[in-house]
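So the sequence lines, in the order shown, correspond to chains A and B.
Residues 1 to 252 in the numbering used here are what the first sequence spells out, letter by letter.
Residues 1001 to 1506 in the numbering used here are what the second sequence spells out, letter by letter.
Simulated from the structure, these hints should not be mistaken for lab results.
C-beta: ideal position from N, C-alpha, C; glycine also.
All the given hints hold, so there is nothing to weed out.
If you want the ones that stay clear, here's a sample from chain B, every Cβ over 12 Å from chain A, calculated:
1. VAL1047
2. GLU1055
3. LYS1099
4. MET1287
5. VAL1294
6. MET1379
7. TRP1402
8. GLY1412
9. GLY1415
10. SER1424
11. PHE1431
12. PHE1432
13. SER1463
14. MET1471
15. ASP1493
16. PRO1503
Here are the computed lysine to aspartate or glutamate pairs in the EDC-like style, where the Cα-Cα straight-line distance is at most 16 Å:
17. A:LYS247 with A:GLU170
18. B:LYS1362 with B:GLU1104
19. A:LYS171 with B:GLU1028
20. B:LYS1099 with B:GLU1028
21. B:LYS1026 with A:GLU170
22. A:LYS249 with A:GLU170
23. A:LYS247 with B:ASP1108
24. B:LYS1359 with B:GLU1461
25. B:LYS1359 with B:GLU1104
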Amino acid sequence: MKALGFIAVLGTGLLLLAASRDFPNWGDPDSPASSYRLSRHFITETINETAVPNMVTAVLADYRGYDTLFEAVVIFTAGIAVIGILRRYGSRNSIPSARETPLTPKKPDLIVESTVRLLIPIIQIFALYVIAHGHHSPGGGFQGGVIFGASFILLALARDLKAAQNWVAEKRTLILACCGILIYAGIGVLCQFLGDNFLDYQILHRILPTDPVMARYHSILVVEIGVAFTVTAIMFSIYSNLSSNGKMKEGI
Amino acid sequence: MIDQAPAIVLLAPFLTAVLVVLVGMKYERACFPLVLLGLSFSVAAAVQTILQVVEAGTLRYYMGGWPPPFGIEFRIDGLNALVALTVSTVALISAVYSKNRVPEENGDKISIYYTLLLLVVTGLLGMVLTGDAFNLYVLLEVSALTSYALIAMGTRRATVAAFKYAIIGTIGASFYLLGVGYLYIKTGSLNMFDIHEVLVAEDLHRSTTVLVAFILITVGVWIKMAFFPLHAWLPNSYTFAPTTTSCLLGPLVTKVMVYVMIRMMLTVFDPVYTFVQLNWGDIVVWMAVIAILVGSLSALAQTDLRRMLAFLIVAEVGYMVGGVWLANTAGLVGAIYHLIADVFMTLCVFLFAGIVFAKTGKREITATHGLFAKMPLTMAGLAVGALSLIGIPPTAGFFSKWYLIQGGMASGHWGYVVALLISSLAMAVLFFRIFEYALFGVKPAEGHGDHHAGDQGKFSEASASILLPLMGTASLVLLIGIFNQSIVSIITDFLVQFNLADPMFR
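Could you put the whole structure together from the sequences, leaning on the hints where they help?
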């Protein structure tokens, strides 16, 4: 079995090496990926069509917004899957865990406590900045959401899961995650109701006080906020399920 | 709203999935009606789509209003439309079956289970409808993640099986993604039809990178569809999963991957490339022969009902892969028609296994002892599915095998033809064994010459919510068989563009 695995790995490696023989040169401006009409269109037209200076954001949330919706759904799915597999409700069929007493001492450590207290607001503000500034710089819903979620995880690590759940209880996490997806998909469906295709933001200029191009620009922000909701919530949900063995009680 | 039908096929289950989480927190009983509603919308939209396709030809739906290759499009031809309708119908049938089964098997997580169920349907539908190679990967991930969870929510052994599936499935998905990446390096596009145009226009079919991309995508898809010898994840996953899960995933996941393989071979890479230039038909058909034989013969050795059916899936995948690589019209028609027919046959037998488990609590084949007297309708349902799997007219299975055998003879692949016949025999043995148990069987524990052996002979049919889906599926198997001409004509209309009658495909 080991030999078979080795042969498979070796074969795959050789295959990948063979593929690289035919690659365009590193950074070649004439390579198909950079010279084909697709990337040329994105480079020249993005600013005219969506008014977003950051091309990556425009491609992500507008040209390929349908992909990104389902990227967010992948994260949502992961969270739901973790709940489905790990979560144990109530005392029913609960397996007594090795240690019922929490590892963390009841009395919080002064240094850790005050550091975290100082850090968390800064982390969260930075997360909001990353979400909102996706139009101009690297950032957006996924990155900002991860940072925001990390602030709750930090709280849970520094004190215990209960402390973090005082801020975002289990139900609230799920509601938040669903809201994120509903914001994103809701914008898409709204476009359908106004008579255009799914996620065709430009039609929103009818209900927003802007022109079609700026309607795209603003919708991207809304969509990013939706993604951020989901990512934040699911990050924390996965952490709390994993760390508390699905019981949502003590945590690490 | 009619032009929105292609999007609604996918959006209805997707939005319902999110709603089910929210509603399920408070009103758990509302989940099931919501699921039914969402899936019914999806089926209705799929019917609408297929009618439009038959009437007006290929349907295109630009997501976000961006024309391809800049945006993502749904490009729906006969093949897509048929498979999408199949997927949503099967989802609806399994959902009806789940009514009492989910509360019983996953009682504390009803809303979570239904959310995952709807998301896996969303993922599969998305893969079928999309015209974008990368978008297909994203939805592949959605459907894969959900299926791991849906399987892991079964018995304890299901968790291990799901873990194995997760590892192997991730490798398959990565292979696919890597292949798409290589195609992007060489063409600069992600839209399937655009990639095809660039490949042909710039004569990229000679490129090694494109060859490697083809190999990676094909192997990745084979892993995902459990093509022998890459099937190791499948039997345990479907054996130990909750019964609703195996009714939903057993028929669908492998078949949707067969669809992806066909789409990749014909639409993205050209049939001239896959069949003539590479000329691997012989090797792959022989691999399919081995898959068919191993699948059918392993099924004979099983004592667990669902495990036996799982091995039948391995054999059926061999049928379809072989049929596609025969590289002639009859083979491809057979493979695609078999794809659709097999979904319903497999669903039929998995529903039967689910009902037996629900009624007796047993997983073994021997649990069918004396069932003809006890549950005649259930057995009738199984009989239709089984006869179709064996290939007896007028069930759907007969016609698909007919086309496949024709295709095999046209290309002179006698090994494939023989394998099909042997596999049919094996299935006949399998199912007639069950019939024998069910007709003449005496429960060993209660036998001993006692005339009134317990409740054995008593009529005790399964409840309507699990019986109706089986009846519906059985009648669909018959209908697909009887109306095979209209389905085949949609398939041939789709295949005409590839000009497979050309003598170079010999």
